Every structure is written in structure tokens, then in C-alpha cells.
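Colleague: Sequence:
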Amino acid sequence: MTEKLKKYRPEIAAMILWLAGAVTVSVFHEPWFDEIQAWQIARTATWHDLFFEVPHSECHPILWHLILRPFAMAGLPFEPAIKTVNIAVTGTACGLILFGTRLPRFVRLLLPFTFMIFYQTAVVNRCYCLLFLGFTVLGILRPERDSKPLPYVITMAFMCLTHIMGVMMCGLICVIWVTEIVRGHAADKNSGNILKDRRVPPLAVLFVLAVAVIIAVFPSTENTNFDSDTALPSFGRVIALSGNFISLPFDATFCPTLRTAGTGLYLLFFVLINAFMVVFCRKKRCTAEYFVPYLVFSYFYAFVWSWEHMMQVYYYFLVYIFIAFAGENYETSKELLGKLHDERLKKGFTAVAAVLFLLMPASAAASSASEIKRTYFDARPVAEFIKDNGLEDLRIFSMWKVGTSQSHGRHDTDQQPDEPDPYKDIDVRCNPYATTLGPYFDHQVISNNYDPGHDRWYITHKRTSEEDVKNCYEQLSEQPYPDMIIGNMSVLDTIFGEDEVKKHRFKMVYRCTDYFPWKFSSMSKSSVTVWLRDDLLDRYNLHEVPPDYNEIT
320 MTEKLKKYRP EIAAMILWLA GAVTVSVFHE PWFDEIQAWQ IARTATWHDL FFEVPHSECH
380 PILWHLILRP FAMAGLPFEP AIKTVNIAVT GTACGLILFG TRLPRFVRLL LPFTFMIFYQ
440 TAVVNRCYCL LFLGFTVLGI LRPERDSKPL PYVITMAFMC LTHIMGVMMC GLICVIWVTE
500 IVRGHAADKN SGNILKDRRV PPLAVLFVLA VAVIIAVFPS TENTNFDSDT ALPSFGRVIA
560 LSGNFISLPF DATFCPTLRT AGTGLYLLFF VLINAFMVVF CRKKRCTAEY FVPYLVFSYF
620 YAFVWSWEHM MQVYYYFLVY IFIAFAGENY ETSKELLGKL HDERLKKGFT AVAAVLFLLM
680 PASAAASSAS EIKRTYFDAR PVAEFIKDNG LEDLRIFSMW KVGTSQSHGR HDTDQQPDEP
740 DPYKDIDVRC NPYATTLGPY FDHQVISNNY DPGHDRWYIT HKRTSEEDVK NCYEQLSEQP
800 YPDMIIGNMS VLDTIFGEDE VKKHRFKMVY RCTDYFPWKF SSMSKSSVTV WLRDDLLDRY
860 NLHEVPPDYN EIT
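Plus 319 on top of the position in the sequence shown (first one is 1) and you've got this note's numbering.
These are calculated hints, taken from the structure and not from any lab test. Small disclaimer: the values here were computed from a predicted structure and weren't measured. Treat the hints loosely; a few may be bogus.
Straight-line Cα separation of at most 27 Å, BS3-like style, residue types lysine-lysine; simulated pairs [stated by the list, open to error]:
(1) K692 / K743
(2) K826 / K706
(3) K844 / K692
(4) K603 / K467
(5) K508 / K467
(6) K844 / K826
(7) K692 / K706
(8) K743 / K789
(9) K844 / K706
Label pairs and their computed distance ranges (CB to CB) [unchecked claim]:
(10) Q798 / V557: 47 to 55 Å
(11) E703 / T411: 26 to 34 Å
(12) N512 / F425: 44 to 52 Å
(13) P865 / V342: 34 to 42 Å
(14) K323 / V671: 33 to 41 Å
Where is the CB? At the ideal position from N, CA and C, for every residue including glycine.
Construct the complete structure from the given sequences, taking the supplied hints into account.
Modeller: Pasting the structure below:
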């Protein structure tokens with residue numbers, strides 16, 4: 320036992336350091352909309368909605384919600400609970416990498432601290448932690464999948480229940496696997512009936528499960544989360560989107576910023592990374608297993624769903640490939656370096672490679688530092704402001720989603736949207752702060768949350784009709800005028816009439832600016848403002864924060 324402990328001293332130290340770092344940074348992390356939405360679904364959705372409505376509206380399976388549900392229903396504090404679950408899942412995967420893989424020690428010690436794992440998976444609390452765990456286990460099981468197919472297929476089933484990208488990636492891996500099975504039987508006439516192959520029954524069950532998941536998550540006609548009526552892109556747009564295809568390998572791995580490296584650098588690393596993978600896959604006989612999923616996924620990322628989180632999925636897939644096929648001795652790297660006859664070139668390439676690999680944990684450290692110094696998302700600070708000043712029982716309105724120029728209540732500080740049409744552009748079913756403030760209070764503090772016939776504290780992504788808007792405005796017009804406003808409410812005159820609006824003046828009493836760090840850069844910078852009726856300032860001992868404008872009309 321003592322000898323084993325000595326053998327794994329670096330891994331044990333890395334695991335302790337990783338846990339300490341993840342917990343520390345998580346304490347400072349303010350969960351953003353997607354993290355809170357999942358908790359609110361787990362907390363307030365009925366069982367019927369959870370199984371029959373939520374998958375269609377979220378377009379993802381509900382395993383993450385089911386895992387969170389016992390903690391949310393038990394009334395546990397939101398942030399400690401979701402962060403504990405997320406770190407436990409991600410930490411399990413990191414432990415498996417450190418102690419259960421055949422990767423070189425340097426790689427095993429490095430991987431848990433890279434940006435995509437340490438920050439994007441362990442700090443940001445989303446279902447991607449489950450997908451990361453699935454890919455890790457899948458890589459460990461890969462060498463014995465033909466002799467022991469059941470554990471491998473069960474892991475794939477787990478991934479299919481985790482995320483729609485789990486269905487895609489596992490499906491593509493299975494296409495290659497089934498092709499190999501068919502080829503093997505075709506080449507060996509004595510192999511018997513293919514239907515009696517031990518791998519076929521679990522694969523058939525997995526196929527049925529995957530189809531069921533696809534049906535369950537297929538967007539309904541009422542869903543606005545993934546509209547299917549988007550116009551086909553122009554030729555110029557296709558060329559522009561092709562840049563995402565080229566940038567994916569570098570952006571997901573070594574690039575220290577987000578989509579700002581420049582076309583030349585992206586092309587260079589696109590060639591270098593793919594050249595390395597060609598050599599690696601030929602040597603390990605996994606060319607189809609890597610390149611078929613990679614190319615299909617890259618196309619999907621470039622032209623269908625270009626969210627940053629997709630880079631995580633590709634990164635997890637790379638982890639799977641290297642866990643499954645890489646040995647302990649850097650064979651591919653040594654082979655490539657062996658083709659360089661100049662020792663100075665060898666040392667130069669080795670130094671550059673070392674710097675690139677070290678950039679990945681350095682990027683995690685940069686994002687963690689930003690997380691500690693800056694506000695990641697405004698929900699917690701706004702909730703604390705409301706609580707600290709005893710404002711939770713006031714009549715609070717918060718901004719609705721407006722058209723397509725705003726998303727989840729976040730404003731681009733450099734672009735202000737045009738004046739919206741109060742009946743066509745206002746989505747009264749989408750009130751982000753009614754969702755994001757929910758976990759911090761025991762009652763709904765937002766008074767203009769519109770969810771007819773229900774009491775859901777999450778966004779359902781259902782289409783809003785003009786009739787919905789009229790009904791919402793009519794209901795609100797019969798109620799008292801708001802005391803406090805979060806964000807921009809430009810339709811108060813439509814709801815209450817201009818004469819009523821002129822009776823009230825609001826002063827800005829709080830502003831919160833938040834940042835989405837991405838490695839050494841920020842994905843976005845946005846701000847939210849809180850406004851209080853001026854006749855209430857003295858009662859709550861609040862003062863105006865000097866803004867560019869100080870009146871809402």
C-alpha cells in the first residue's frame with residue numbers, strides 16, 4: 320500500500336490541488352442563466368412537464384435535471400448544491416484520468432488543469448460535466464469494447480441521456496464500430512451469424528434508446544429555442560462560417576483567446592493539428608473513429624450551432640481518443656521529431672509544443688483570476704442588492720426579452736436595439752430575471768412574470784402571440800404601478816398609459832457589469848441597471864447612481 324502511495328504521489332498531489340482550486344474558484348463564480356435555468360426546472364417543473372415538455376423546449380435530455388431534482392426539491396441552497404454536484408462529477412472524471420488511464424504522466428497531470436476541464440467544466444455548472452465523465456469512461460473502456468461490449472454501450476447510453484451532442488458523437492462512433500463488425504464477419508466466413516454476435520444486441524438497444532431520445536428532444540412547433548424556419552445562408556455567409564470549421568481545432572485547444580487569432584494562424588494550426596492526428600491515427604489504427612466524428616461535428620459546429628460550448632464537446636472527444644489509443648511513451652511525437660535531423664530544430668519544436676500545452680492551464684488560470692476579480696453574471700449581485708436593502712416585497716418589474724437583439728436579458732453595451740414594437744417584439748413569456756433571481760428567494764419577486772395557467776419559475780421557450788401580449792398587458796394594467804424596475808421597460812406607457820407614466824420618476828440605484836471570461840479574453844461584457852421610484856429613495860435609504868440617463872419612460 321505504501322509503495323502504491325509513493326508511486327502515485329504526483330497524481331495525489333494534483334488531485335488535491337485540483338479540488339482546492341476548483342472549490343476556491345467556484346465560490347466566486349456567479350451562476351449564469353443556463354445554470355440557473357436547469358436548477359429552476361429541477362425545482363419547479365411538474366413530473367409531467369419534466370418528461371414531456373422540458374425535453375422539447377430545452378432540446379436536450381433531462382438526466383442533468385433529474386440529478387439536480389432531489390437537491391432542489393429538498394430546499395438545499397442553490398449555489399452550494401449545484402456546485403457540489405458539478406465538482407463531484409468533474410472530479411470523478413479527473414480522478415479517472417489521473418489514476419485510471421495509460422496516458423503519459425505529464426499529460427495526465429496537465430489535463431485536469433486545462434481551460435476546458437478546470438474552468439469550463441468544473442467551475443461552470445452545466446450538464447457538460449456528465450458528458451466529460453462519459454467520454455472519459457468510454458476512453459478507458461475502449462480497448463476491451465469488442466470482448467466486453469456491454470460496459471461500453473452502457474456508457475454510451477449514459478451519454479445519450481446527458482446531452483444531444485452525446486447522441487451525435489456516440490452515433491458516429493457506433494457507425495464506425497458497426498462497419499468494423501460487418502467487415503469482420505464478411506472477411507471471416509466462419510464467424511457465424513452476425514445477429515448472434517455479442518456486440519449486436521446491446522448496440523440494437525442503444526439504437527432504440529438514441530431514437531427515443533431524438534424524438535423526446537425534437538423541438539415542438541411552439542418552441543423558440545431552436546427555430547427551424549431560419550433562411551438558408553448566402554454564399555458569403557457560408558464562406559464566413561467556414562472560418563469556424565477551420566478555427567475549431569485551435570480554438571478548442573491551444574488558442575489563448577476566442578476567435579481572434581487571425582486566419583493565417585488558424586490555417587496553420589488547422590494543418591498542424593490535423594497532420595498530427597493523421598499520423599497518430601494511422602499508427603493507432605483509429606483514422607475513421609477520429610476523423611468521421613470530427614468532420615461531421617465540425618460541419619455541425621460551423622454551419623448549425625456555433626456556440627462556444629461546442630468546443631468543449633470536441634475537446635472531450637479528443638480526450639476520449641487519446642485515452643483510448645495513446646500509450647505512455649509519446650510514440651507519435653517521437654516519430655515526428657525523429658524525422659527532424661537538426662537537433663536545434665528538435666529542441667525548438669519541443670519547446671514550442673511545451674509552451675502550447677502550458678497555455679491550456681494558463682488559460683484556465685487567467686479565466687479563474689477574472690472570475691475572482693470580476694462579476695461573471697448579474698443574478699447573484701442583483702439578488703443580494705434586493706435582499707440587503709429589504710426590497711423583495713416591492714412591486715418589481717424586470718425586462719422581457721425583446722426581438723432577436725437581446726438574449727436572456729443581457730445587453731451588448733456597444734449596441735442599443737431599436738425601439739421595439741410593444742406587441743410584436745416583446746416576448747412576455749420570456750422574463751429572464753424571473754428565472755435567474757428565483758433560486759435566491761423563497762417567493763417570486765418579479766411581478767410581471769407571465770405564465771398563464773402555471774406557476775413555473777423557468778423559461779419555457781414557448782412562442783408568444785400578440786394575444787398573449789395583449790392579455791399580459793391587460794392583467795398588469797389592472798394592478799399597481801411598479802416600484803422598482805430591473806433593466807429597460809420601454810412599454811410602460813403601453814401598459815399603464817402616458818398619463819400614469821408621467822406621474823412617476825425613477826432613479827438608477829444600482830448598476831452591475833459582468834464579464835464572460837474565455838481564457839485570456841472575454842466572450843462578452845454586459846450590464847444591468849436597477850431603478851427605484853424616486854419617492855421611495857428616502858424610505859430605503861438609497862441614493863441615485865449617476866448614469867448617462869436617469870429616467871425611464
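Colleague: Each hint should be assessed against the structure and marked as holding or not.
Modeller: Each hint, compared with the structure:
1. K692 / K743: 40 Å, violated
2. K826 / K706: Roughly 19 Å between the alpha carbons, so the hint for K826 and K706 holds.
3. K844 / K692: 14 Å, holds
4. K603 / K467: Given that 27 Å is the threshold and the Cα spacing comes to 20 Å, the pair holds.
5. K508 / K467: 23 Å, holds
6. K844 / K826: 23 Å, holds
7. K692 / K706: This hinted pair holds, its Cα atoms lying about 22 Å apart.
8. K743 / K789: 10 Å, holds
9. K844 / K706: 25 Å, holds
10. Q798 / V557: 47 to 55 Å: 50 Å, holds
11. E703 / T411: 26 to 34 Å: Given about 32 Å between the Cβ atoms, the range holds.
12. N512 / F425: 44 to 52 Å: 47 Å, holds
13. P865 / V342: 34 to 42 Å: 38 Å, holds
14. K323 / V671: 33 to 41 Å: 36 Å, holds
Comparing the model with each numbered hint stated earlier shows that hint 1 is the single one that does not hold.
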